[in-house]
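2 protein chains.
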Amino acid sequence: MDVLRVAACQVNTVVGDLGGNVERVLDALRQAEEAGCDLAVFPELAITGYPPEDLLLKPGFVADNRQALDILAARTGSCAAAVGFVDVGQDLYNAAAVCVGGAVVGTYRKRHLPNYSVFDEARYFQPGTGEPQLFRVAGVAVGVSICEDAWNPAGPIARAAAGGARVVVNLNASPYHAGRLAERERMLATRALDAGCALVYVNQVGGQDELVFDGASLVFGDGGELIARAPQFAEHVLVVDIEVPPPFRKRLLDPRGRPPVECLPAVELPERPASKRPPVAHRPLVAPVLAPLEEIYAALAMGTQDYVTKNGFSEVVLGVSGGVDSSLVATIAVDALGADRVHGVAMPSRFSSESSLQDALQLGRNLGIDVRTIPIEPAHASMLEMLAPVLGGREANLTEENLQSRLRGVVLMALSNELGWLVLTTGNKSEAAVGFSTLYGDTAGAFAVIKDVPKGLVYDLCRDRNRRAGRELISEAVLTKAPSAELRPEQRDDQSLPPYEVLDPVLAAYVEQDRTRAELEASGFDPSLTALVVSLVDKAEFKRRQTPPGVRVSEKAFGKDRRVPITNRYQG
Amino acid sequence: MDVLRVAACQVNTVVGDLGGNVERVLDALRQAEEAGCDLAVFPELAITGYPPEDLLLKPGFVADNRQALDILAARTGSCAAAVGFVDVGQDLYNAAAVCVGGAVVGTYRKRHLPNYSVFDEARYFQPGTGEPQLFRVAGVAVGVSICEDAWNPAGPIARAAAGGARVVVNLNASPYHAGRLAERERMLATRALDAGCALVYVNQVGGQDELVFDGASLVFGDGGELIARAPQFAEHVLVVDIEVPPPFRKRLLDPRGRPPVECLPAVELPERPASKRPPVAHRPLVAPVLAPLEEIYAALAMGTQDYVTKNGFSEVVLGVSGGVDSSLVATIAVDALGADRVHGVAMPSRFSSESSLQDALQLGRNLGIDVRTIPIEPAHASMLEMLAPVLGGREANLTEENLQSRLRGVVLMALSNELGWLVLTTGNKSEAAVGFSTLYGDTAGAFAVIKDVPKGLVYDLCRDRNRRAGRELISEAVLTKAPSAELRPEQRDDQSLPPYEVLDPVLAAYVEQDRTRAELEASGFDPSLTALVVSLVDKAEFKRRQTPPGVRVSEKAFGKDRRVPITNRYQG
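Residue numbers (my numbering), protein chains in the order written: chain A, -1 to 570; chain B, -1 to 570.
Hints are computed from structural coordinates only; laboratory data are not their basis.
You can take every hint at face value.
The list cannot tell twin chains apart, which means a pair is met if one copy fits it or any two copies do.
Here are the computed lysine to aspartate or glutamate pairs in the DMTMM-like style, where the Cα-Cα straight-line distance is at most 25 Å: (1) Lys56 <-> Glu510; (2) Lys56 <-> Glu519; (3) Lys558 <-> Asp536; (4) Lys558 <-> Asp52; (5) Lys56 <-> Glu181; (6) Lys541 <-> Asp502; (7) Lys56 <-> Asp536; (8) Lys56 <-> Glu517; (9) Lys537 <-> Glu313; (10) Lys558 <-> Glu510; (11) Lys537 <-> Asp52; (12) Lys554 <-> Glu539; (13) Lys554 <-> Asp89; (14) Lys56 <-> Asp524.
This is chain A alone, in the form it adopts within the complex (with noise of 0.2 Å):
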């Protein structure tokens, strides 16, 4: 039988850097050659990074991207690389080339383009036409797929498959939201058992703005056996060797009339001295999948870690009230980026209680962070006399509130601009879709480490990372008491919104299922509660627009994948 051996390249790329994109490929191309690999596979768009979003419409960045490639090209050897790059014709494609002994042999067009959620390739790129060609590599035939083309159950894996492909690789910048692997290993698995082909699918990882791409890279056989998996949140070069069955061809029954494919065409990649392929050293890996909380966490961090170290930042600053959301995004930080590199500032108002700031001083010796503390009164009492003419004498009100967090805003950018210290913020999700946050406030920061994460399940990650170090890195103290923004005399979050157990449902099928109010009525929601919760979220539009980004964990977080007007009068 014959056996082609794989490499899955799962590596950490940068958007825009097309030079330390191509040595983090030819890094991981030295280890597939040592392993003696015939064939590494990278993602999707490996050259430019992923997504490289509107750098596509500079023509100038699409050519130095070309000469990335033919650099890359040059320097390959005697194992193939098949490496995502943006292809040049009539037109812009997203495209994989196969590279083989200095030069590229062949490319590969994505025909399927997603454009919809958090994609807008039909922004940039015309998909690729005609049948597939393969590639013999070490005498097998390869087909070449990139991403979603995956997901279309006639498409080219099917097609390539259909024409005499006996393994066919994937390259992907698939991002993560929670359950996705699960989703991804099924697709596969079936699309490997329908074409009757093995099937490679590496995956990007790490984090690029709003994005992070989980890794994970899969090998299936002909069957649909999983028969690797890289770990999750980690680059890795994932070595198999994959017995290729002889060819059993499927007659492709094409949905759109096509004939079925007879034998496309094959490159033939040179062919290599025995001696390159060194015995198989080891059974292939089958990397376990994180728990379910387990896996948000490490998103969360790895997003965290990559937005601040690919901005060329190494330190960060956020302020600690002793509320849970703070003590989550200090406890990842410090995962992320190490506790010499997180620094907390407790800034007590007046209304502040002794035991909220003994709880941050707390989280600080837990997670043996420096927290500095800084009462922000001289400033709140000099404010509120300056605007005494406006304020008048009356009772305090969100005026005054707002007023003290925008003053602890001024006090972590000052420490940010004075200190080079990136601003983490620590609002959640449910208080993002509900504006229950101060605009230059609380959201006040360069990345907002998790606002794609509803209250309940803050509760339910600090409870488990808890678990996990075996000791209460965030106080049990902290997790119990009645959540407060205390800006005002004995204030608690439920005195202005339902609590959040009743509250994130409601969101989740408002902004994540784009159900209608009359829906959500006529899906047994209370008709006072959703009327409440439609309004405010609705009203709550301009502030997220304003919001730094952070890591997107759901299906449809705010963000890229939910894009709606400020101006919207639609009750519905």
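For this one, chain A is given, so just place chain B on it according to the hints.
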């Protein structure tokens, strides 16, 4: 000769306001009917407002839009109405319904979906297919097309005309940018001439978040001659008698090799009693085109007015520094909303000059707006004291400069919270490009009126507005003094930045024309200037993401039409 009396109804719809939009359409339809029109044409997606963005992902919203269309259709009489709505079939379609006598008698689905610049139609819609249907109105065969359809030389307009249409209507939501109207007129004249049919182009009017639609609906004869033009930036019902020559069908040579169109089927609309058409009362209006600076100014005023009022606000507030940017924004706001709805706040710091404060107060007198003075010294001094352990005894730097700007932001937001005034920001495009602004400071606010106006154009707009007023609304002193942020002693903008007459052309080439650094150098820009500008623009992306929307007046604004990654190492 047959005469078709058509009304081009440029209404100002509101996104999501289904019921309100139906009323707006019916109001204009009533005017058309009273003027004896056979056909009234409305903008693209008039039922939903344009662009509805992700509201389209709610099946409930789409169903409500369909119901709104039925309500509208039920109220039509003998004048037919062509109205944009979202059609549902196997998928969603950007469509036009022809309604008459209480019913929808036919629909047309847009063939060409723009998915570039500010447009995302491929995210929502499938293109219509097949040959278009004609409608026989008062004995005249009429074709229907939507917006982008008109930009394709062999597209639906040419095909409808070749199939027998003697008039083709084109429903639009075409956003304004400077110079756009002349492009449109040239293209549409060519289209009418090439197709040999009359062409009725109807455009939406009004502001929607960052977009402003300029109206200026147009009617062309079959020789490409302009017959009528509605005013820019105003709602209008433009009534025109189109004298329809006997059909002269052109043989349409289709570059895609489709057979020439023979004769398209037509829906017969009911004949109307002759008494319904009063004699022509007037020559058709050919509204003059505003001069370039007045046109941009009008776009800024309409965009501001609609953002404020459509979002339910009535009054605005802005910081007035005595500088040229805030002076222009205040003037625009007064023209948009009236002097009694505009409030200025002068917030001198220890570094502000007396002359600047006087310039701010003089502006208030010139415009007739109230300007109050709130010195920020008390909070400034308190903050410096609170931050002393961090800032130490060193000389003041950028940290202290940003601090002052942020305290002003806090004051303005307190006024906004307390008095319900919407905060306008005053930064211009040159500053937004290079990040010469303080996040949460001078960028704090709901709407950034001149964010798409480069500094050089700011001066031009001020002088032009003074000229039209016949007096100095903005004092000559403001226009001639050196720009300064006055955040440290003796500060002038040109200490940190190249002069604006040097900066603006580099910015235009880099930001609006998507050149790379190498290309800028090759085209003659100084290499060190180029390197500085490119680096500043790229580094400021994180700031721009957190700034409010503002009126788009250029072909590429910072907003939906420039989607660049924050994390981006491309140096090109």
